[in-house]
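This is what each chain is made of:
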Amino acid sequence: MIRFEQVGKRYRNGHTALSGLSLEVAAGEMVFLTGRSGAGKSTVLKLIALLERPTRGTVVVNGAHTATLAASRIPAFRRQIGVVFQDHRLLMDRPVFDNVALPLVVTDTGLKEIDKRVRASLDQVGLLGRERVLPSELSVGEQQRVGIARALVSKPPLVIADEPTGNLDPGLARETLELFQRFNKVGVTLVIATHDLQLVQDSGLREIVLEAPADGAAKPADGARREPTL
Amino acid sequence: MSGSLTAWGARHAQALLSSAGHLSRKPVATALTVIVMALALALPLALGVLVQNVQAVTGNFSDAIGLSVYLKPGTAEQRARQLVQVAASQRSVDHAELITSADALKEFRSDSGFGAALDALEDNPLPHLIVLRPKGDASPDEIESLRRYLQAWPEVDTVQLDSDWVRRYTAIMGLLHTLLVVAIVLLGAGVIAVVGNTIRLEILNRRAEIEVTKLVGGTNAFVRRPFLYTGALYGVVAGLLGWAVVTGTLMLLARPVARLAAAYGSRFELADPALREFALVVAGGALLGWLGAWLAASRELARIEPTAS
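Sequences listed follow chains L and V, in order.
Be aware that the first sequence starts at 0, since it is given in numbering that gives the first Met the number 0, and climbs by one per residue.
Be aware that the second sequence starts at 0, since it is given in numbering that gives the first Met the number 0, and climbs by one per residue.
Here chain L stands alone, though its shape is the one from the complex (with noise of 0.2 angstroms):
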């Protein structure tokens, strides 16, 4: 699903991003994606949703090499991703129903699609019933929720999370991953970026540790789960 090989990323400012990553996910896998702050993790996240484009390597992300991928095709490439972020991103001027519903408005589904859609994603979220409510209104764990259940109304094969539990009291941290967990169970592929170390070694999957490319490249601990280096 996603094979990042010798990726480089330098930024405009001169920032060395990455230098040298490889790594690959398979479909269905879910993956937690750890490492100190500064160490990448959020550029992995870019490249992989073509946020960002990489200045030296390959990046395949469902098929598509996305050094080259036509601006045109930019769009239809996103809708199957869905992203999830730790500020949730959400329109706090529009009602939750309206938030979750974008990802299918600019697809130009059907209305009574959208509506069935939305309605199960919420059931999804356990939040069913709050469809007129603003944002605002809500728990920051509810937002967050509200934030999941926009990026999977449209059924992507991959999510891609970071930090998606920060914000998040440990009770409701848990939860959120199970509610992950249960989507990666139907196939849906998730990498999600983390500093929860605790909650990575609690579920026992995969564990991908960035280094900060100062002492050379940014690695990756591939394979079978390592001990965060801390």
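Derived by calculation from the structure, the hints in this document are not laboratory data.
Where is the CB? At the ideal position from N, CA and C, for every residue including glycine.
One thing to keep in mind: the hints can contain errors.
Unchecked claim - Chain L side only, calculated, beta carbon under 7 angstroms to chain V, not exhaustive:
| hint | residue |
| --- | --- |
| 1 | 101 |
| 2 | 102 |
| 3 | 105 |
| 4 | 107 |
| 5 | 110 |
| 6 | 111 |
| 7 | 137 |
Could you slot chain V onto chain L? The hints should help.
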């Protein structure tokens, strides 16, 4: 297929409604933009109506090319009558008519409103006038030689060729038409600039929304759509208002113009902008608004790309 077409239509309807909703939520800013645009649309429309009316008031003399032969003061009326016979017998002349100084004075007295002032004069200051209409097939050269022939008569003071006036009139109308085109181009560009700037600010205000929309796979066309509707809506409303401004102004002018026309013994009435002008200004406004929005949106939206943090 028809299902997705319905969805497509619904999406456009929704974009239009959401644009209208956004505009109605900030009425003052919207009103100011619309007023500026309406005035920019009203000016060329007003100029167009002016050109139309000038044409209507003067149009009837464009087919009356003739020669006015003014006789020297003191020429006897009997001599004048003989001259008319001679003039009428010329080969290129279709018709000749004498307006004696007494007739001219009577007409002037009734039309000009200077009756009392004329009474104070001892002598009639007006000369006899012979009005000639050349034959329809007379060439300009023939008319010119006729003019020179008449001018050579000892009793003739001046010969005025009406075609001079027709030429001047045509030149003035040409100038007005050019002015109209210049006004349409300049003020149209103004409308585009006003809409473009308004849309640009609107896009910056809704940056977060645009980023998220692009992030979930919204195309540039999808993101641009509501802004194009906003621009076109501005144009339509401004066109309606501009039309109302011109129509209202004409209603205010109707009475003074009627009085003025009556003073000249004319029944001239101002022509209102017709349905054609109405459709032109509203459709033109919509088109300019759409174009301004398209220019601004294409420029700004390409610069807004989602970021992860």
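Right, here's what the structure says about each hint:
no., hint, result
1, 101, "5 angstroms, holds"
2, 102, "4 angstroms, holds"
3, 105, "4 angstroms, holds"
4, 107, "5 angstroms, holds"
5, 110, "6 angstroms, holds"
6, 111, "9 angstroms, violated"
7, 137, "17 angstroms, violated"
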